[in-house]
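Given these sequences and hints, build the entire structure.
The primary structure of each chain is shown beneath.
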Amino acid sequence: MRSSASARVTASGGGERRAPWPLTLAAIGALLFLHVPFLIIILYAFTTDEAAYSFPPPGLTTRWFGVAFSRQDFWAALGLSLRVAGIATLFALVLGTLAAAAVSRSRFFGRDSISFLLVLPIALPGIVSGIALRSALGLLEIPFSFWTIIVGHATFCIVVVYNNVLARFRRTSHSLVEASMDLGANGFQTFRYVILPALATALLAGGMLAFALSFDEVIVTTFTAGQQQTLPIWIFSQLTRPRDRPVTNVVAVFVVLATTLPILLAHRLSQAGDE
Amino acid sequence: MQRLSTFLYRYPWLFILLLLLLPLGWMLTIYLGSLGALLVNSFFRLDDFTGQIVREFTLGTYAQLFTSANLDIVYRTTSMAVAVTLADALIAFPLAYFIARYASGRLKPILYLAVILPLWSSYLVRVYSWKLILAKEGIVSWLFSAVGLQGVLDAVLRLPSIGGPSLSVSSLGMFLAFTYIWLPYMILPIQAALERVPRSLVEASGDLGARPAQTFWRVILPLALPGVVAGSIFTFSLTLGDFIVPSALGNSSYFIGQAVLAHQGTSGNIPLAAAFTMVPIAIMAIYLLVARRLGAFDAL
Numbered sequence: 001m002r003s004s005a006s007a008r009v010t011a012s013g014g015g016e017r018r019a020p021w022p023l024t025l026a027a028i029g030a031l032l033f034l035h036v037p038f039l040i041i042i043l044y045a046f047t048t049d050e051a052a053y054s055f056p057p058p059g060l061t062t063r064w065f066g067v068a069f070s071r072q073d074f075w076a077a078l079g080l081s082l083r084v085a086g087i088a089t090l091f092a093l094v095l096g097t098l099a100a101a102a103v104s105r106s107r108f109f110g111r112d113s114i115s116f117l118l119v120l121p122i123a124l125p126g127i128v129s130g131i132a133l134r135s136a137l138g139l140l141e142i143p144f145s146f147w148t149i150i151v152g153h154a155t156f157c158i159v160v161v162y163n164n165v166l167a168r169f170r171r172t173s174h175s176l177v178e179a180s181m182d183l184g185a186n187g188f189q190t191f192r193y194v195i196l197p198a199l200a201t202a203l204l205a206g207g208m209l210a211f212a213l214s215f216d217e218v219i220v221t222t223f224t225a226g227q228q229q230t231l232p233i234w235i236f237s238q239l240t241r242p243r244d245r246p247v248t249n250v251v252a253v254f255v256v257l258a259t260t261l262p263i264l265l266a267h268r269l270s271q272a273g274d275e
Numbered sequence: 001m002q003r004l005s006t007f008l009y010r011y012p013w014l015f016i017l018l019l020l021l022l023p024l025g026w027m028l029t030i031y032l033g034s035l036g037a038l039l040v041n042s043f044f045r046l047d048d049f050t051g052q053i054v055r056e057f058t059l060g061t062y063a064q065l066f067t068s069a070n071l072d073i074v075y076r077t078t079s080m081a082v083a084v085t086l087a088d089a090l091i092a093f094p095l096a097y098f099i100a101r102y103a104s105g106r107l108k109p110i111l112y113l114a115v116i117l118p119l120w121s122s123y124l125v126r127v128y129s130w131k132l133i134l135a136k137e138g139i140v141s142w143l144f145s146a147v148g149l150q151g152v153l154d155a156v157l158r159l160p161s162i163g164g165p166s167l168s169v170s171s172l173g174m175f176l177a178f179t180y181i182w183l184p185y186m187i188l189p190i191q192a193a194l195e196r197v198p199r200s201l202v203e204a205s206g207d208l209g210a211r212p213a214q215t216f217w218r219v220i221l222p223l224a225l226p227g228v229v230a231g232s233i234f235t236f237s238l239t240l241g242d243f244i245v246p247s248a249l250g251n252s253s254y255f256i257g258q259a260v261l262a263h264q265g266t267s268g269n270i271p272l273a274a275a276f277t278m279v280p281i282a283i284m285a286i287y288l289l290v291a292r293r294l295g296a297f298d299a300l
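Residue numbers (our numbering), protein chains in the order written: chain A, 1 to 275; chain B, 1 to 300.
A couple of the hints might just be wrong.
[Claimed, not checked] Quick list of in silico lysine to any residue cross-link-like pairs, SDA-like style, CA-CA up to 25 Å:
1. Lys136(B) / Leu60(A)
2. Lys136(B) / Pro56(A)
3. Lys136(B) / Thr48(A)
4. Lys136(B) / Ala52(A)
5. Lys136(B) / Gly148(B)
6. Lys136(B) / Ser237(A)
7. Lys136(B) / Glu50(A)
8. Lys136(B) / Phe33(A)
9. Lys136(B) / Ala155(B)
10. Lys136(B) / Leu172(B)
11. Lys136(B) / Pro242(A)
12. Lys136(B) / Asp244(A)
13. Lys136(B) / Ile87(A)
14. Lys136(B) / Leu43(A)
15. Lys136(B) / Val169(B)
16. Lys136(B) / Arg245(A)
17. Lys136(B) / Pro57(A)
18. Lys136(B) / Asn251(B)
19. Lys136(B) / Ile42(A)
20. Lys136(B) / Gln228(A)
21. Lys136(B) / Arg241(A)
22. Lys136(B) / Asp154(B)
23. Lys136(B) / Arg243(A)
24. Lys136(B) / Leu39(A)
25. Lys136(B) / Leu239(A)
26. Lys136(B) / Met181(A)
27. Lys136(B) / Phe46(A)
28. Lys136(B) / Gly163(B)
29. Lys136(B) / Gly29(A)
30. Lys136(B) / Gly59(A)
31. Lys136(B) / Phe38(A)
32. Lys136(B) / Val253(A)
33. Lys136(B) / Thr240(A)
34. Lys136(B) / Ser54(A)
35. Lys136(B) / Phe144(A)
36. Lys136(B) / Leu32(A)
37. Lys136(B) / Asp49(A)
38. Lys136(B) / Pro58(A)
Source of the hints: derived by calculation from the structure; they are not laboratory data. Nothing here was measured: the structure is a model prediction, and the numbers come from that model.
Okay, here's the thing in structure tokens:
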């Protein structure tokens with residue numbers, strides 16, 4: 001799953017022998033399968049073809065970038081997505097860090113169930129979380145709003161922050177905290193000057209992953225958004241009824257960049273914390 | 001401040017309780033509460049005449065699931081999930097094996113990143129890319145006609161149940177997109193399981209006279225199997241619950257996710273949508289029980 005995957009970095013050695021060629025070939029094939037679609041996405045943002053997806057493109061142009069960025073509905077959807085992801089990430093940071101702090105401090109009854117409960121929203125099939133929230137809104141007669149989207153997003157983002165922060169807590173020696181207390185700092189000072197700096201990059205990494213997760217989420221959002229269009233919902237509407245193909249192609253490249261860069265950065269940050 | 005801090009230090013259980021209050025409260029009320037609401041709703045029914053939800057206990061909504069159209073939807077979705085899981089295991093294993101056993105210290109982190117980047121980058125855009133790739137005028141058709149095999153592609157598309165008017169509107173196209181989308185979820189647990197196979201065990205097998213192929217089949221593969229099962233939990237569960245790929249690349253035959261979406265949407269039949277959702281939950285519960293017996297949870 002995404003959350004544990006990001007934390008799991010294996011560094012053991014290997015490579016003392018050469019791989020048999022069929023294995024190398026199959027591995028390269030799988031890597032190509034994973035990455036060629038991204039090249040296609042980038043290529044199509046520059047095609048002059050506006051009515052079909054013809055390959056090879058009849059010509060190349062950069063004019064769709066201008067067209068896409070002058071579209072009001074694109075900016076509105078992007079704005080909504082950024083606000084939702086920002087606030088959902090804040091919620092997730094607070095809740096995930098609190099849970100990680102509690103779990104890291106000691107063994108207590110039900111400790112394992114907490115990790116399980118937190119991972120449930122992304123481990124269950126996507127529609128389950130979506131329709132569950134939708135049922136609750138229906139039962140309580142709560143209308144859809146900006147905040148119903150955020151509640152849904154925060155719920156599945158908590159686990160990402162939790163995993164990152166918990167991993168950091170486990171690597172941070174508790175003797176640092178004890179030393180701080182021995183030197184006369186109270187709990188709040190210890191938190192501010194010892195614990196928070198130790199957690200900083202883990203919080204940043206977890207926060208960025210949570211942001212990326214929320215920014216891209218569509219399944220749960222479909223059930224909690226009503227008429228509002230986040231950027232993924234805008235793209236989804238283009239997927240089922242393509243109207244503005246060139247604009248969608250440009251938005252696709254934009255979204256790939258917007259999600260890839262934070263992930264690379266988060267990866268570097270959690271690597272840095274490992275050393 | 002000082003006294004509060006000392007007080008909390010002396011009563012650690014109280015401190016932990018305070019820490020847990022918000023996150024646990026959130027998850028229990030909002031998430032488990034919602035799952036409870038889902039269960040409750042599945043025992044309500046929609047009044048066909050008024051279009052209102054009748055909040056009385058009934059099993060009638062569940063009974064509606066057992067029409068042949070709905071059973072078709074369940075069958076279609078489950079067989080897609082099985083096919084996608086098998087294909088992902090076949091494609092993922094060589095790459096995971098290569099990363100775990102042969103990648104050098106410098107190459108390994110790069111390959112690892114090459115697997116997790118697609119996992120985290122936009123899911124929707126990755127689905128969209130297959131719309132471009134599989135379009136009638138797209139790159140796959142172009143490749144087939146470039147090598148003179150247009151006839152083969154047409155013949156495949158004429159096959160009932162997997163074909164369609166073009167690859168971008170066919171079960172085969174959905175299968176390719178699903179396999180692509182969930183592949184990293186299969187690679188990572190297999191790689192993790194392979195990394196844990198002790199090198200000494202492989203050497204011992206060789207010392208005892210096993211040929212490399214025998215070592216692979218009788219030592220490495222059985223030890224990697226929990227990783228494959230762990231990966232299959234994701235590929236299977238994610239396929240069961242998806243409505244994006246079938247909406248983007250499918251025809252008018254519904255998948256479970258689309259049925260749930262449609263029932264709660266225009267007709268407002270949340271009870272039927274809720275009851276329908278119990279199907280993937282039940283399938284996954286059985287799947288997880290089997291997976292646990294195969295030791296998949298130790299590989300997560």
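Checked hints:
no.	hint	verdict
1	Lys136(B) / Leu60(A)	holds, 20 Å
2	Lys136(B) / Pro56(A)	holds, 12 Å
3	Lys136(B) / Thr48(A)	holds, 18 Å
4	Lys136(B) / Ala52(A)	holds, 9 Å
5	Lys136(B) / Gly148(B)	holds, 16 Å
6	Lys136(B) / Ser237(A)	holds, 20 Å
7	Lys136(B) / Glu50(A)	holds, 15 Å
8	Lys136(B) / Phe33(A)	holds, 20 Å
9	Lys136(B) / Ala155(B)	holds, 14 Å
10	Lys136(B) / Leu172(B)	holds, 14 Å
11	Lys136(B) / Pro242(A)	holds, 15 Å
12	Lys136(B) / Asp244(A)	holds, 18 Å
13	Lys136(B) / Ile87(A)	violated, 42 Å
14	Lys136(B) / Leu43(A)	holds, 17 Å
15	Lys136(B) / Val169(B)	holds, 9 Å
16	Lys136(B) / Arg245(A)	holds, 15 Å
17	Lys136(B) / Pro57(A)	holds, 14 Å
18	Lys136(B) / Asn251(B)	holds, 15 Å
19	Lys136(B) / Ile42(A)	holds, 19 Å
20	Lys136(B) / Gln228(A)	violated, 33 Å
21	Lys136(B) / Arg241(A)	holds, 16 Å
22	Lys136(B) / Asp154(B)	holds, 11 Å
23	Lys136(B) / Arg243(A)	holds, 17 Å
24	Lys136(B) / Leu39(A)	holds, 19 Å
25	Lys136(B) / Leu239(A)	holds, 16 Å
26	Lys136(B) / Met181(A)	violated, 69 Å
27	Lys136(B) / Phe46(A)	holds, 19 Å
28	Lys136(B) / Gly163(B)	holds, 13 Å
29	Lys136(B) / Gly29(A)	holds, 24 Å
30	Lys136(B) / Gly59(A)	holds, 19 Å
31	Lys136(B) / Phe38(A)	holds, 19 Å
32	Lys136(B) / Val253(A)	holds, 22 Å
33	Lys136(B) / Thr240(A)	holds, 16 Å
34	Lys136(B) / Ser54(A)	holds, 8 Å
35	Lys136(B) / Phe144(A)	violated, 39 Å
36	Lys136(B) / Leu32(A)	holds, 22 Å
37	Lys136(B) / Asp49(A)	holds, 14 Å
38	Lys136(B) / Pro58(A)	holds, 15 Å
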